[in-house]
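Put chain B with the ligands on the given structure of chain A with help from the hints.
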Amino acid sequence: MSDIQVARRQRRWHIAVFLLPALIVYTAIMIVPLAQTLNLSLFHNDAQNAVHFVGIENFRTLFVEPRWAAQFWNALRNNFVFFLIHMVVQNPIGIALAALLSIPRLPGRAFYRTAFFVPTMLSFVIVGFAWKLILSPIWGVTPSILGAVHLKWLFAPWLGKESSALITVALISVWQFVGIPMMLIYAALLGIPDEVIEAAEMDGVVGPSQFWKIKLPLILPTIGIVSVLTFVGNFNAFDLIYSAQGALAGPNFSTDILGTFLYRTFFGFQLQLGDHYMGATIATVMFFIILAGVCAYLFLIQKRMRRYQF
Amino acid sequence: MASLALEKVTKSFGKTDVIKGVDLDVREGEFIVFVGPSGCGKSTLLRIIAGLEDQTSGHVRIGDQVVDAVPPAKRGIAMVFQSYALYPHLNVRGNMGLALKQEGIPKAEIEARIKKAADILALDALLDRRPSELSGGQRQRVAIGRAIVRQPKLFLFDEPLSNLDAALRVNTRIEIAKLHRLLGATLVYVTHDQTEAMTLADRIVVLNGGRIEQVGSPMELYKNPANLFVAGFIGSPKMNFIGGAIAAEHGAQTLGIRPENLEIAADGPWSAMVSHVEHLGSDTYVYVEMAEHGLIAARIVGEALHQPGEMVRLKPVPEFLHLFDENGLALPRPA
Ligand SMILES: Nc1ncnc2c1ncn2[C@@H]1O[C@H](COP(=O)(O)OP(=O)(O)O)[C@@H](O)[C@H]1O
Ligand SMILES: [Mg+2]
Chain A
1 MSDIQVARRQ RRWHIAVFLL PALIVYTAIM IVPLAQTLNL SLFHNDAQNA VHFVGIENFR
61 TLFVEPRWAA QFWNALRNNF VFFLIHMVVQ NPIGIALAAL LSIPRLPGRA FYRTAFFVPT
121 MLSFVIVGFA WKLILSPIWG VTPSILGAVH LKWLFAPWLG KESSALITVA LISVWQFVGI
181 PMMLIYAALL GIPDEVIEAA EMDGVVGPSQ FWKIKLPLIL PTIGIVSVLT FVGNFNAFDL
241 IYSAQGALAG PNFSTDILGT FLYRTFFGFQ LQLGDHYMGA TIATVMFFII LAGVCAYLFL
301 IQKRMRRYQF
Chain B
1 MASLALEKVT KSFGKTDVIK GVDLDVREGE FIVFVGPSGC GKSTLLRIIA GLEDQTSGHV
61 RIGDQVVDAV PPAKRGIAMV FQSYALYPHL NVRGNMGLAL KQEGIPKAEI EARIKKAADI
121 LALDALLDRR PSELSGGQRQ RVAIGRAIVR QPKLFLFDEP LSNLDAALRV NTRIEIAKLH
181 RLLGATLVYV THDQTEAMTL ADRIVVLNGG RIEQVGSPME LYKNPANLFV AGFIGSPKMN
241 FIGGAIAAEH GAQTLGIRPE NLEIAADGPW SAMVSHVEHL GSDTYVYVEM AEHGLIAARI
301 VGEALHQPGE MVRLKPVPEF LHLFDENGLA LPRPA
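Order-wise, the sequence lines are chains A and B. If you use the UniProt record's numbering, the first sequence corresponds to residues 1 to 310, in order. If you use the UniProt record's numbering, the second sequence corresponds to residues 1 to 335, in order.
Here chain A stands alone, though its shape is the one from the complex (with noise of 0.2 angstroms):
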């Protein structure tokens, strides 16, 4: 009995040692800096630049401070329409090709399956510019492109206008994505047996019911998966609306979303001054949003979804 016990306790050491490293590597670069983000957003400097405790006072300056607060809940509902255009074009878009590209004895498959994957791999700033210049009404493409089959009158500055820049920014975004939930959910296509797919065969279930009453069942729970990812990324993005837009994400803010106006804040931009304790303020809110995300995720949609086994 105590013998067990003794082995027991040895095997637990074990344990121990070997998550260590993975334990002091997370720590150091995740845990900390988190920790310290957090605790800086209950900071702030005064006047002659003394720092004081302030509670949860920042937080209250960003929500209801009319100076600010515009410019967050801008930013806020921006990230939203972002993620919801993200979700209704993006991620159907990658069903929708990885359903086209499951056919079986498609030729030219492996060719297709690169080229849509292959803008996921190119530098958010050659997809920010490459954009940028070709839909520059002055030097690019589009107009001329669109003049050549007789639709000039459909050009319009859409990323300059306030009304249309948000939409064409989360659409070149969606260009750029629409491998990884369409590589997801294709590798979750290839997962479902060939005689399950045969047996609907039989069952007279084919074409696109067999899609609908089949295939889309069986692969919810790697679309669930994608959602919480798109959610994640969208709420983290930053990195294309800074190279196609700038860190003002204009026009007038049209396409600020957190990360830009986390940006401008933290770092400071052209006559605004870099503000940490503001700045973390609002990273603390992104890490909320995020975490309630994907907590909603985990604890109200996952738990209901099953798993199969085939």
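Hint data in this document are derived by calculation from the structure and do not stem from the laboratory. Mixed in with the good hints there might be a few duds.
What the hints assert, rightly or not - Simulated pairs of lysine to any residue, SDA-like, Cα-Cα distance not exceeding 20 angstroms:
1) A:K303 <-> B:K20
2) A:K213 <-> B:A73
3) B:K20 <-> B:R61
4) B:K8 <-> B:A73
5) A:K213 <-> B:R130
6) B:K74 <-> B:L90
7) B:K74 <-> A:I197
Chain B with the ligands alone, transformed into the frame defined by chain A:
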């Protein structure tokens, strides 16, 4: 009228010919078993009948209709897969009802058919469970239920017992035989296990390397195998083959004798040394080493007391000798 006919069916995957010209007529209500070693093309042939695979040439006829261009669901057949292939996201009722719903059959009728199939297969208590909540044998019954509700003219089974344990396999085998009598439908059943073939079939089709070796009732194949392959494949333990001088005496290249047709008797013509003895209770298998012919099995009814190392004499029952020529084809029985 033939309920299924194959006419010169061939199938190649790229350069490999898997089915090399198969002709077969299956009668209404018959239980046909395709048997053969792994990789001989049984599944491929079944999938061609099902329409899951297109034959390279030849025709498939179901009833009086040529179905070469008819999609699987419209052929009036149902198939039970080796892995069961149940829909994991649907419960048992959903699994059985999907095809009917797809056909647009009224709800009440669907319910009635599911009820009837569930009665036959003892699935009533399981109708609301998902496949992941069922045992292997239960999944198997659901897969069969899914086939039954469609009321097909022709059932196709691809090695339906190979994922079950030995005890369940025997039970399910009996269930399938009963089911066939109850439904009276034509049934094509694939297996690599000759015991399953012998016990279930009205007629057995022995396949080898994409060709039919012989078609016949189990006892026909057992008593009159057309060639060496069928002789060796049907029956367990395998038929003994003896060549050389002993075969030549009978004017054959190879002489075959089943273990149950060998006696150990002092006046036997062949001398051999016992190398191993297996006691099964009802029978005893005595394996003997015969100079230049290798290991020979004899099956003795009841208990036989022989020790390894002992010299014995073997006596074949003459009317059960099988003779084969140099091409492996059976010669007429010596009178
Ligand atoms: N889709 C395929 N592509 C290429 N070769 C195949 C395919 N399906 C089966 N084969 C080959 O055909 C032969 C017969 O296969 P199969 O009909 O599954 O044999 P079995 O008698 O064991 O059921 C095997 O050699 C197999 O490798
Ligand atoms: Mg097979």
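Here is how each hint holds up against the structure:
no.	hint	in the structure
1	A:K303 <-> B:K20	52 angstroms, violated
2	A:K213 <-> B:A73	16 angstroms, holds
3	B:K20 <-> B:R61	18 angstroms, holds
4	B:K8 <-> B:A73	23 angstroms, violated
5	A:K213 <-> B:R130	16 angstroms, holds
6	B:K74 <-> B:L90	23 angstroms, violated
7	B:K74 <-> A:I197	16 angstroms, holds
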